[in-house]
Amino acid sequence: MTKINKEQLKNMRDLIKTINKNEILVSMGTCGIAAGGDKIYEILKQEIKERDLENIISVKKTGCLGLCFCEPNLIIRLQGLPEIAYGFLNDEIAYKIITEHIMKKSIIDDYVIFLPSIDLFGNNKNHIENGLKYVFVWEPDKKKNLYNTLIKRITSKNLENKIKVFSTKYIGITNKNPILKVLPDNIFYTNFNEDDLDKIIENHFIKNNPMNTFMLLKENKYINIKENDKQHKQIRLVLRNSGYVDPENINDYISRDGFTALEKVLFEMSPDKVIEEVKKSGLRGRGGAGFSTGLKWEITKNVQSDIKYVICNADEGDPGAYMDRSVLEGDPFSVLEGMAICGYAIGSNKGYIYVRAEYPLAIKRLQMAIDKSKEYGLLGNNILGTDFSFDIEIRLGAGAFVCGEETALIASVEGKRGMPKPRPPYPAVEGLWFKPTVINNVETWANIPVIINKGSDWFASIGTNSSKGTKVFAITGKIKNPGLIEVPMGTSVKEIIYEISGGILNNKKFKAAQTGGPSGGVIPDEHIDTPIDYESLQKIGSMMGSGGMIIMDEDDCMIDVAKFYVQFTVDESCGKCAPCRIGGKQMLETLKLISSGKAEESDIDRLKRIAFAMNKASLCGLGQSAPNPVISTLKYFEYEYIEHIRDRKCKTGKCRDLITYVINPEKCIGCGACALRCPVTAISGEKRKPHNIDQLKCIKCGECFITCKFGAINKT
Amino acid sequence: MTLQKEEVKLPQELLDFIKNNKDKKGYEIMILHKVQELYGYVPRKVAMELSRKINIPLAKIYGVITFYHIFKLNKPGKYKIQVCMGTACYLKGGQDILGEIENILGTGVNTTTEDGLFSIEIVRCIGCCGIAPAMMINDKVYGNLKKEQLIEILGEYTKLEGKEMKNDKN
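Protein chains in written order, with my numbering: chain A, 31 to 746; chain B, 8 to 177.
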C-alpha cells in the first residue's frame with residue numbers, strides 16, 4: 031500500500047461503503063475473551079471453513095460492546111435478516127448460529143440481545159425484504175407468560191407465517207413491566223395489558239399502523255439532536271465504533287467515516303478555526319478535572335516554541351474503571367485521529383500515547399493501528415499529501431497510579447521516576463522536555479473527530495448547560511447489568527441504576543454509588559437524583575472522575591470502603607511530599623482502629639483534621655484528593671462510624687473484628703460439621719448435643735457459618 | 008573478599024532493541040520493560056550491564072525499577088498468579104479468593120512456591136470488573152471466581168507439570 035491523498039481516500043471510502051457485508055463480529059475485548067469469546071470465535075471460524083461458507087460470511091474480532099453481563103456476545107449481519115446481536119453464548123449456540131441463523135436464516139430463540147442505543151454512524155441498513163415482522167419479548171421475571179400468550183394470540187389469528195415471536199434476556203433498556211420490540215420497525219411497546227395485545231396485533235401487524243399509546247418513550251431531555259429515536263436512554267459518541275468494527279482493520283474504520291474529520295481540518299479549516307470549534311463544542315477533559323479542552327489547546331498554540339507535543343493519557347489506573355481500555359481495544363483509530371487533529375491545531379508533529387503495561391491487548395491493537403495509519407499516509411510525513419506531518423509513539427506505564435497525574439506522567443514519558451511537580455507552570459506552557467504539551471485522556475480524544483464531523487452546535491446540543499456531550503461509565507459492583515454505558519451529561523444516577531442497568535443485584539437496597547475512584551466520593555440514596563455533570567457531582571462531595579461507577583448495597587460497610595481507597599492511595603503515594611506520605615498512613619491507621627473496634631470518638635475529629643491538611647498541603651492531585659473517600663463517607667454515613675466506635679458493631683459484617691459467631695442451642699443438632707471445618711478447633715461439644723464456640727480461639731473466618739445447614743450459627 | 012566484575016552477556020534481542028531505539032528520548036523505561044519481558048524480572052547483573060551499555064548510573068536504574076510496581080527484582084514463579092483487588096473485585100470477595108489461593112499453595116502474597124511453579128501477586132484492576140472477582144494466571148483471565156473452583160484451576164497447571172495438586176482440606 032502506498033500513501034494516499036485526499037481523492038484516493040474518498041474513492042476508497044465510497045468503494046468500501048458499497049460492499050454489502052455479511053459478517054459476524056465477535057466481541058473480543060479483554061473481558062470478552064475472558065468470558066469465552068475466543069472459543070466462540072474459533073468454533074465459528076472452523077465451522078464456516080468446514081461447511082464451505084467462506085464465500086457467504088466472514089468472522090471478525092471486534093472490541094467491547096459494553097454489555098459485560100451478556101458476554102460472550104456477537105453481532106451478525108446477514109442479507110435477508112435484520113442485524114442481530116446474540117449474547118450469553120455457549121458452544122452449543124455457536125454451532126446453532128451456523129446451522130440455524132446462517133444456513134436456514136432462522137433466528138435462535140432466547141439468545142438475541144439488543145444494543146442499548148441506536149447506531150448513529152453506521153451505514154448498514156437492516157437487510158429486510160420479505161415483509162416479515164420479528165417481535166421480541168422481554169419479561170423482567172423471565173417466566174415467559176407474555177411470550178406464550180403472544181404466540182397463542184398470533185397462532186389463533188393465523189399470523190404465524192408473518193410474525194415471528196422470540197423471547198429475549200436483554201432488550202437494550204430495563205423497565206418494571208415487560209417490553210416488546212418490533213423489528214424491522216425498531217419500535218418498543220410497554221405498559222399494556224393482555225387485552226391491549228390484540229389491539230397492537232391488529233393495528234401494527236395487520237394494518238401496519240404502529241400504536242403510539244403503548245410505545246415506550248425513554249425520552250432523555252439532555253439529547254436534543256434530531257437523530258435521537260427517543261426510545262433509548264443512551265447515546266454512543268465515544269463508543270460509536272466499539273463492537274461494530276474490526277479494530278485491526280483500517281478499512282472498517284474508514285467505512286464509518288473514519289479520517290473524514292482529519293481530512294476536513296487539513297483541507298477546509300485553519301488551526302484557529304479548529305480550536306474555535308472545539309472551544310464552542312464545550313468539550314471538557316474527561317479525565318476527571320473537567321478543564322475546557324479547547325482552551326487548553328489555545329494556550330498551547332499561543333506559546334512560542336519550535337517543538338510542541340501531544341500526549342494521550344491512557345494510564346487508566348482507577349480501580350473499577352475500564353472505559354479507556356475498551357476504547358483503545360475497540361476503536362484505536364479514533365484516538366489517533368483526535369490526536370492528529372490537535373497536532374494540526376497547535377502546531378505539533380509528535381505525539382505520545384502513555385498506556386498501562388497491564389493492558390497488553392490495547393497496546394497491541396494501538397501499535398497495529400499506528401503502523402497501518404502510517405502505511406496509508408494518514409500518520410507520518412505529509413499526511414494526505416499536505417505539508418502537515420504527525421507521528422505517534424507508544425510509551426508504556428509501569429504500574430504507578432500517580433502517573434495518571436499529568437506532571438508525573440510527563441516525568442515517566444521522559445524515562446524518570448513518575449513524581450509530580452508543582453504547577454504552575456502547567457504542561458500547556460512547559461511540559462514534556464520543557465516544551466508546551468497538550469495532555470488529554472483517551473475519552474477526550476475519541477470525542478474530537480465527532481465534534482469536527484458533526485459540528486460544535488450538534489455536539490453542544492447534548493448534555494447540560496455547563497457539561498456538554500456524553501460520559502462513558504464503567505458501572506460495576508452490586509448491579510444487575512454491569513458493563514460500559516454512555517449517557518448524555520445530566521442523566522441522573524437513579525436513571526443509570528434503574529432504567530439502564532437493571533437495578534441492584536438480588537433486589538437489595540441501594541446504599542451508595544461511588545464515582546471518581548480513590549479521588550472521589552460516594553453518592554448516597556438522598557442524592558440519587560443528582561444529574562451527572564461536573565458541578566453537581568462536586569457540590570455533593572463526589573467528582574466526575576474518569577468514569578468508574580461502583581454501586582454498593584446494604585451489605586457494604588462504608589468504613590471498609592473508605593479503608594480500601596485509603597489503602598490504595600497509601601500504596602500509590604510517591605512519597606515526595608509529607609502531607610500525602612504521612613497523612614495517608616495516619617488516616618489508614620485510624621480507619622483500621624475504627625474497623626477493629628479500638629477507636630475513640632475523638633478519632634473522627636482527628637480524621638477530619640488530617641483530611642483537611644492533606645487536601646490543602648499536598649503537592650499533586652493524588653494527595654489533595656486522597657482524603658475524599660473519607661470526607662464523603664463521613665459526611666453521609668457518620669452514624670456508621672459512630673456505630674463502629676461506640677457500639678463496636680458493624681451491621682454489614684464486613685469488619686471481621688467486630689463480628690461474633692454464636693451457636694443457637696435451639697437450632698443446633700450437634701452434627702459436628704462446623705467443628706470439623708473450623709481451622710482453629712474453636713468449636714467443641716458432645717455428639718448430638720448443642721456445640722459451643724470458644725470466642726477467645728475464634729478467628730472469625732466464617733467457615734462454620736457457611737458450613738451449617740441448619741442455620742444454627744448467628745452472626746452478630 | 009574482593010568484588011569481582013561479573014561478565015554478563017546480554018541476549019541479542021535486547022542488544023538489537025537498545026540499538027534500534029537508543030536515539031529515542033526517554034527510552035529507559037521501555038528498555039527495562041524489554042528486560043522484564045525476556046527474563047521475567049530485572050536481574051541485578053543485567054541492570055549493571057545495562058547501566059554500562061546505555062551509560063546511566065545503576066542508582067538511577069534502581070530508582071526507576073523500585074518506583075514502578077511492575078518491575079520485579081526477584082524471579083517470579085513459572086505461573087504468575089495475579090489476583091485483582093480493584094474496587095469491584097474487592098467488593099465481590101477478592102480478598103477471600105486471595106486467601107484461598109494462599110491456603111492452597113501454602114505461600115503468601117509476593118512470594119513464590121518452593122518448587123518455583125507459582126507466585127502470587129495483587130494487582131489493582133485488570134479491567135474486567137464486569138466479571139468480578141477476577142484473576143490472571145500468566146496471560147489468561149479467570150472471571151466470576153468462586154472459592155471452590157480454585158483447586159481445580161490451579162490443579163490444571165500442576166497437571167501440566169506432571170504433579171498432583173495437594174489438597175489438605177479433603
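None of these hints come from the bench; they were simulated from the model. Any given hint could turn out to be false.
So, partial list: chain B residues that the calculated Cβ filter (under 7 Å) puts toward chain A [unchecked claim]:
#1 I36
#2 V71
#3 H76
#4 I77
#5 T94
#6 Y97
#7 L98
#8 G100
#9 I129
#10 R131
#11 C132
#12 C135
#13 C136
#14 I138
#15 G150
#16 G169
With a straight-line Cα cutoff of 20 Å, these simulated SDA-like cross-link-like pairs (lysine to any residue) come out [stated by the list, open to error]:
#17 B:K32 / A:G732
#18 A:K256 / A:N242
#19 B:K154 / A:G445
#20 A:K182 / A:F151
#21 A:K394 / B:E44
#22 B:K85 / B:G113
#23 A:K615 / B:H76
#24 B:K31 / A:G445
#25 B:K31 / A:S419
#26 A:K684 / A:I640
#27 B:K41 / A:G445
#28 B:K52 / B:E35
Ideal Cβ positions, reconstructed from N, Cα and C, are used throughout, including at glycine.
Take the C-alpha atoms of K31 of chain B and S419 of chain A, compute the straight-line distance between them, and say whether it is at most 20 Å. With Cα atoms ~18 Å apart, K31 of chain B and S419 of chain A stay inside 20 Å; holds.
With a cut-off of 7 Å on the beta carbons, see whether V71 of chain B makes it to chain A. 6 Å, holds
Under 7 Å, Cβ to Cβ, is where T94 of chain B needs to be relative to chain A, so tell me if that hint holds or is violated. Since the shortest Cβ distance to chain A is 4 Å, the answer is holds.
When you check the alpha-carbon spacing of K256 of chain A and N242 of chain A, does it fall within 20 Å? At roughly 19 Å apart (the allowed maximum being 20 Å), N242 of chain A and K256 of chain A satisfy the hint.
Checking hints one by one. Is Y97 of chain B an interface residue toward chain A, by the C-beta closer than 7 Å rule? 6 Å, holds
Against the 20 Å threshold, does the CA-CA distance of K52 of chain B and E35 of chain B hold or violate the hint? Within the cut-off at roughly 17 Å; holds.
Is the straight-line distance between the alpha-carbon of K394 of chain A and that of E44 of chain B 20 Å or less? Distance of about 15 Å is within 20 Å: holds.
Hint check: 7 Å Cβ-Cβ cutoff, C132 of chain B to chain A: 4 Å, holds
Do the alpha carbons of K31 of chain B and G445 of chain A lie within 20 Å of each other, as the hint requires? 11 Å, holds
Next pair to validate is K85 of chain B with G113 of chain B; report whether the Cα-Cα distance is within 20 Å. Within the cut-off at roughly 16 Å; holds.
Does K182 of chain A pair with F151 of chain A here, judged by a C-alpha cut-off of 20 Å? Not OK: K182 of chain A and F151 of chain A at ~39 Å, beyond 20 Å, violated.
Holds or violated: are the alpha carbons of K684 of chain A and I640 of chain A at most 20 Å from each other? 25 Å, violated
This entry does not satisfy hints 8, 9, 16, 17, 19, 20 and 26, going by the numbered hints stated previously.
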